[in-house]
Amino acid sequence: MAGVSHWWNSKSRPAQWGYMVPVVIFLLALPVLNPPIITTEPYTDFPIALFNAAVFALIAIGLNVVIGQAGLLDLGYVGFFAIGAYTAALLSSPDSELGVRYPWLVIVPIAMVVTMISGVILGTPTLRLRGDYLAIVTLGFGEIVRLLADNVDPLRGNRGFQNIARPGGDFPDGTPIFSQTDALGFYWLAVMIIVIVLLFMGNLERSRVGRAWIAVREDEDAAELSGVPTYRFKIWAFAIGAAVGGLSGTLFAAQVGYVNNQRFDITTSTLYLAAVVLGGQGNKVGVILGAFLVSYIPDRFQFEPTYRFLIFGVALIVLMIFRPQGLLGMRQHLLANGRQAYQKLFGAGTAVAPSGLTASSKARGDLSETVPDDHAGTSPRGGGE
Amino acid sequence: MAHAAPLVVHAEPWINFDVGLLADRFWANTINGLAYGSVYALIALGYTLVYGVLQLINFAHSEIFVIGVFATYLTFISLGFEPGAIPNLPIAAIILDLILAGLVAMTVSGLAAVGLERVAYRPLRRRNAPRLAFLITAIGASFAIQQVIRIWRGSNPEGTIRLLPPQPVFTIFGAPITNLQIVIILASLAMFVVADQFVNRSRLGRGIRAVAQDPATATLMGVNRERVIMITFAVGGILAGVAALFYLMTIPQGAVYNGGFLLGIKAFTAAVLGGIGNLRGALLGGLILGVVENYGQSLFGGDWRDVVAFVLLVLILMFRPTGILGESLARSRA
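So the sequence lines, in the order shown, correspond to chains A and B.
Quick note on the numbering used here: the first sequence kicks off at 1 and runs consecutively.
Quick note on the numbering used here: the second sequence kicks off at 1 and runs consecutively.
I should point out that these hints are in silico values taken from the structure, not numbers from a laboratory.
We treat Cβ as the ideally placed atom computed from N, Cα and C, and that holds for glycine.
Be aware that one or more of the hints could be misleading.
Said to hold, decoys possible - Computed beta-carbon distance windows for the label pairs: (1) S155(B) x D221(A): 21 to 27 Å; (2) T217(B) x D221(A): 51 to 57 Å; (3) N224(B) x D221(A): 50 to 56 Å; (4) D265(A) x G326(B): 32 to 38 Å; (5) D265(A) x I94(B): 52 to 58 Å; (6) S155(B) x P167(A): 33 to 39 Å.
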């Protein structure tokens, strides 16, 4: 594993993109190939299972910004997903009292802005709080969103909204690309959205914003003392995470074509958390893997939903005890210019910790022992900040 | 209620602003709120004690409470009560049965809390895990316990068992007060006084306060930290067991696997409202929350009761995150 990551990190960024192209093509082709062991059929339609996994992955990427990057425990993330889905429903369903029927492409930016604003509204009062208070306030926020969906009449409670807008377009044979019954087109769309969001997140991580998030996560007081406006960057993390949550909500609403109040409970929020923690907080590939597992395994092996929740609850406890960094731990990277400087100096490898990052040292942000042996004393980390 | 009609503002059919109803039912709501609030306060004490000692929000505490609810329910069943039937027993037998069920619930909840601490939190402490890991473990534990109960007992609420049907005993300002409310409020206050005296006066309580104040120094002074933590969890669990009994007496249909979530978050709100880590704050916060919630229900309509509680939580944390009486178990009176 360490070897792979070392090899990967020694490539230049365009080369990394080049390697990613066949991977993405493979992922896009997956539902068409329908490989025998991987497929979820006959239990679950394979494209739909993949689409659900992709939406889950998108949610996990968004939540990862909040939990993994900035270290803020958000237990009400499903609220943003719900706001995204409900925005799509209100702006396009004939059941909506607004009486407008916008196309999906118009809805997406509106929904993202709406969720972003709701993220800022939630974040402004609460992000001044200590971490554990934040967890419970976000939990309360998620519940308030759900209760509003239950109680406020124009949101139609259990009856929900039908016929939510979906993207247009037809295959050459005349069948629509995006339809409720065949999730193929939606899966492709979701994968492309994930790629775009990942590119965006990658750049964000390497920017000043990303470095500020890491500083906040590792030690908020130290970051504040070093002149990082922690409060502002925490709000940014909340807003961006929320926008991605809203995006996934619109995607989900468009595919299912129907939104009611039944999907947005605390259980769902906990599954999101499980996906991020399982895969590895702070590691984008990790959280995608985690989301894929949380969504795919029950579809593939046809668990009783009851056991699904129990298993992921127990998994959270066991993981925190034995592998708090998740399946793929967070890597400490050199960012931006440090990366080039390091490559110039040593020729290869930008991972500060190709192997020795143990659970406990990572969790405490203690990197003192993680400098590669052959460069000991010329700590490359200094160049990164 | 005709005289109140002009005050009703029907903004929308799904939400009221019924000042008349609020005024009409003021005293009934207050008494009822105090009874609910006592239950919140008893659960809140568990949150507050654990938070004081470990600085951990024990998310799974609500599930400890649910375990107590099921223990109470199953004790009633094994004592021969049947769901739906109204028992025709002498009052002494009913009181005896209630006390018995309460003792079972306290034992089971107390043991469950200690077990939870052993299985989930102690390994993390030994590994010196970061705080986020504790929180995530707590959530996982809460989730897991909930699902175990769901698999065991199904997702429908259990049948209703009413040992003590509520009967108005006397009235205050025209508001009837039932025997049930009197029992719950007085017994909760008694439990609270016991817990408060235990923490503030007993030797073990001094240990709890010492660890809350400064774990390292307390250890150097010969306080066994692990033992103190165990006792703290046990006390919290026992109080949750008492709360479970009172809860089931108030809401006989309340034995359901996910019944703890709402109560848990409300009890936590109560703890924060009074000042987390502060025992008397938990009592005060619980009573205030119970009463305010009932007022909100009259004012906005029954569906908005929980929203009122959550909004109150957010408002408190915005404007006074240290609560009414201030935080810290350590600084409470010696």
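Outcome of the hint check:
{"no.": "1", "hint": "S155(B) x D221(A): 21 to 27 Å", "result": "violated, 45 Å"}
{"no.": "2", "hint": "T217(B) x D221(A): 51 to 57 Å", "result": "violated, 22 Å"}
{"no.": "3", "hint": "N224(B) x D221(A): 50 to 56 Å", "result": "violated, 31 Å"}
{"no.": "4", "hint": "D265(A) x G326(B): 32 to 38 Å", "result": "holds, 34 Å"}
{"no.": "5", "hint": "D265(A) x I94(B): 52 to 58 Å", "result": "violated, 37 Å"}
{"no.": "6", "hint": "S155(B) x P167(A): 33 to 39 Å", "result": "holds, 37 Å"}
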